[in-house]
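Full structure from sequences and hints, please.
Each protein sequence line maps, in turn, to chains A and B. Anchor point for the first sequence: position 463 equals 463 in my numbering, and the numbering is continuous, going up by one each time. Anchor point for the second sequence: position 104 equals 104 in my numbering, and the numbering is continuous, going up by one each time.
Hints should not be assumed to be uniformly reliable.
Claimed, not checked - Covered stretches of chain B (in silico footprint by chain A; criterion: 3 or more residues with CB under 8 Å from a CB of chain A, positions within the stretch not fixed):
hint : segment
1    : 139-146
2    : 198-205
Stated by the list, open to error - If you want a taste of the chain A side facing chain B, the calculated C-beta under 10 Å gives, among others:
hint : residue
3    : Asp166
4    : Gly392
5    : Trp502
6    : Ala508
Simulated from the structure, these hints should not be mistaken for lab results. All values reported here derive from a predicted model rather than from experimental measurement. Yeah, the Cβ is synthetic: ideal placement off N, Cα and C, and Gly gets one too.
Spelled out, the chains give:
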Amino acid sequence: MGNIAEVVSKAVESYQKDPTRLLDVIRDVQDALGQVSDEAIVQIGHLMNLSKVDVEGVVTFYHFFSKSPVGKYTVYLNNSAVAVMMGRGAIAKAFEKEVGCSFGSLSEDGKIGLYDTSCIGMNDQEPAAIINGVVFTNLTEKRVKELVTGMKAGRNVSDMVKDLGDGNNQSELVKSMVKNNIRQRGSVLFAPYESGSALRKAVAGTPEDVINEIKNAELRGRGGAGFPTGMKWDFCRRAQGERHYVVCNADEGEPGTFKDRVILTEIPEMLFEGMAVAGYAVGAAEGILYLRAEYMYLKKFLEKVLDDLRKKNILGKNAGGKTGFDFDVKIQMGAGAYICGEESALIQSAEGKRGEPRNRPPFPVQRGYGGYPTTVNNVETLCAVSRIMVEGGKWFASMGTVQSRGMKLLSVSGDCDKPGIYEVEWGITLEQLLKTVGGSGAQAVVIGGPSGTIVGKEAFGKKVCYQELGTGGSVIVISKKRNLLEIVHNFMEFFIEESCGWCVPCRAGNVIITNKLEKIMAGNGTKTDLAELESWCKIVKGMSRCGLGQTSPNPIATTIANFRSLYEEKLKKVEYETGFDLLKSVQESCKVANRKPKIEGH
Amino acid sequence: MSELTFFIDNKECKAKKGQTITEAARDNGVYIPTLCDYPGIRPAGTCRICTVKVNGRNMAGCTTPVEEGMIVENKTAELEDMRKAIIEMLFVEGNHMCPTCEKSGNCDLQALGYRYTMMVPRFPYLWPSREIDASMPKIVIDKNRCIQCLRCVRGITTADGKHIFGTLHRGDKTRISADPELVAAMTDEQAQKAMDICPVGAILKREVGFKVPMGKRKYDSAPIGSDIEK
Ligand SMILES: Cc1cc2nc3c(=O)[nH]c(=O)nc-3n(C[C@H](O)[C@H](O)[C@H](O)COP(=O)(O)O)c2cc1C
Ligand code: SF4
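This is the structure:
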């Protein structure tokens, strides 16, 4: 197997044995060999002077790395709730029929692998899949047949893309069928923007001036948590450290969000300039764009944008024409892990490790990337920064509501006529929004993704803003024809899959509450079960270590609060019903004994 | 050294700057239960059993440094029940057959089960299928009993700082594993240390067993925490 040794040593050398580039090394090996075998892991460990178990720990943490072969062609079909709503089931069956193996496995000839994957940020064009890094949207059974025929014939995956999407999706470096679906443009993000104007304004003043302007704008982080950006930068600037870092969080993993994808496709200049402004404000010379693996198809294009910005001197030495201010940006790819959107897990991952959140304190602004003070900001936040630099904080703060200033990008998907991107002023009511997107008559809306809130009609008069219905951007409309509990269940499976496994309440608790939910959904629950489920959600939320576990019971908790009757309808009218399934428990022994169970009533 | 004053359940306590809440509590004779924490190893906050309320927010006592004037709630009914729930989660998440375990009586998890008067876990058992790795010369890892506290990962390294133990996979599939080469080169002392810092019976040293009879072990005479509470 000289091949493995060659591939590994080439990969290791191309990153100069830098342990912070371990993810890149592993990705190169994965791409070249279709797997990262034990042998490859041992060799990576030897060459990089890491213990095998640490390398294996990284390989097995990320969804897009695999120790066993995943085929020359690897199909990752989204299994998010909206994908399921849009017909993912039939598409999965079509793939299985055409390829001849089931999801989670490899075809007999080892050529095509079929795998599930969490939301890929294409909720407005589902069902969708990623095949060898290329995105295929709006899949139909007919299209699946064509794709599998093509793969069997050995065709190049990118050649199988037929119609290209809109805007920069057509650019030579992207050439993707993904659509932007920008349905409503506002004045912050999708208004005309002159490249270079924000940084020019920023460097004309002091870093403190910049921070003050952002504070005046009362800008809050767009990644979900809503932390005041000006304050974060202030903390970061004041923190002692030889160096400071700016990290842009482009992990966009919350099911139902895809607004960052559209920003990255259409206005990346504005984003990178926002990073430069942040760099100037906090005193950083380096920025890192942490890009989720699902958006790999945008990488070459973004590299080119960075190059152009260097040529225009918006990045590089004396950036923005400011003597002594050097700032550049590099792109670090993720490898398939929702938890890497959590800022401290993101930093771990960017350092080449398992994406496990860190304990806080210290916070990233005190000790972040490489141990240096780091500000982590969402893609949309950094774009808003650019606009604020140009138009001023006061202008920005004149829009929105008291605690939620400015405009917000919403990614709308699900049961509505016009799924896509909407730039709205904070404070729009859910009712107005539903009317705009053609989703009136909805049974429920998931606002803020699975980790957010599921609300019903009673709440449609509420405003989209931090005090009432906060969101990082995900809005999923659910019509009356859907079984809401199945959607809740899909969300819970997502959290089980994506928990990093570090702490007990999240690792074990999410499985436990999902089992209980299943018991109720199967019609075996009682009043006691429902009460227990409610109280167990509180334990998981209250005891978990990071935002994932602290919010993962929300699909259950918020539907028990807002759709209680859906649960109550399912309950048996007895005080106690066993969760014990006799048939299931004798299955294994019957199989061993090669006989059929004889159980009364079954 | 500068001293800080803080409060646990209204009791005035003193702490040295940089001390975590659990460390300082211990010095003040207040027991906050811990499980993944171990003296001399960097705290990880994996088990969450030391969760306390600080200014109304739940925080892990083992990873949170004391600050001047901090108000800590420790022995509230709500926290004690949630801590008990964590112990119960650990019992259902793995396969723990105490009577046949070499660590029975020396096991922190079992001792906490007693302290919190766990009769039967409130959660249904998950009965996972987990492996026992007996391929190594000096130790055996029984993953049925592993609670993923990461004490071994954090505490046992080679002379040049490499991890001998590590974590594989994620979520409920997370498992501890040993580096085959490095574990084979482990000294007897290291193997003993690995067994000793393991709070449960997941890491056992080979060729010795039941040296101290049951009934005469650490927690047989005095319950966990009693050395701290006076
Ligand atoms: C489980 C989890 C996933 C997250 N995913 C993202 C994400 O994909 N993108 C993002 O910007 N923030 C995400 N966040 C929030 C980040 O931790 C962090 O608050 C944010 O990047 C800060 O940027 P902002 O202040 O500009 O919003 C996530 C948080 C958690 C707990
Ligand atoms: S809450 Fe979940 S994701 Fe967060 S640290 Fe704990 S196990 Fe990991």
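Results of checking the hints against the structure:
Evaluation of the coverage hint for the segment 139-146 of chain B: breached, as 0 residues show C-beta separations to chain A shorter than 8 Å, against a requirement of three. With 0 residues having a beta carbon nearer than 8 Å to a beta carbon of chain A, the segment 198-205 of chain B misses the requirement of three or more and the stated coverage is violated. Violation of the interface hint for Asp166 (chain A) is found here, the shortest Cβ-Cβ separation to chain B being roughly 36 Å, above the 10 Å cut-off. Checking Gly392 (chain A) against chain B: minimum C-beta separation of about 36 Å lies over 10 Å; hint violated.
Nearest Cβ of chain B to the Cβ of Trp502 (chain A): about 6 Å, under the 10 Å cut. The hint holds. The interface hint given for Ala508 (chain A) is met, as the beta carbon of that residue sits about 4 Å from the closest beta carbon of chain B, less than 10 Å.
Checked against the numbered hints above, the structure violates hints 1, 2, 3 and 4; every other hint is satisfied.
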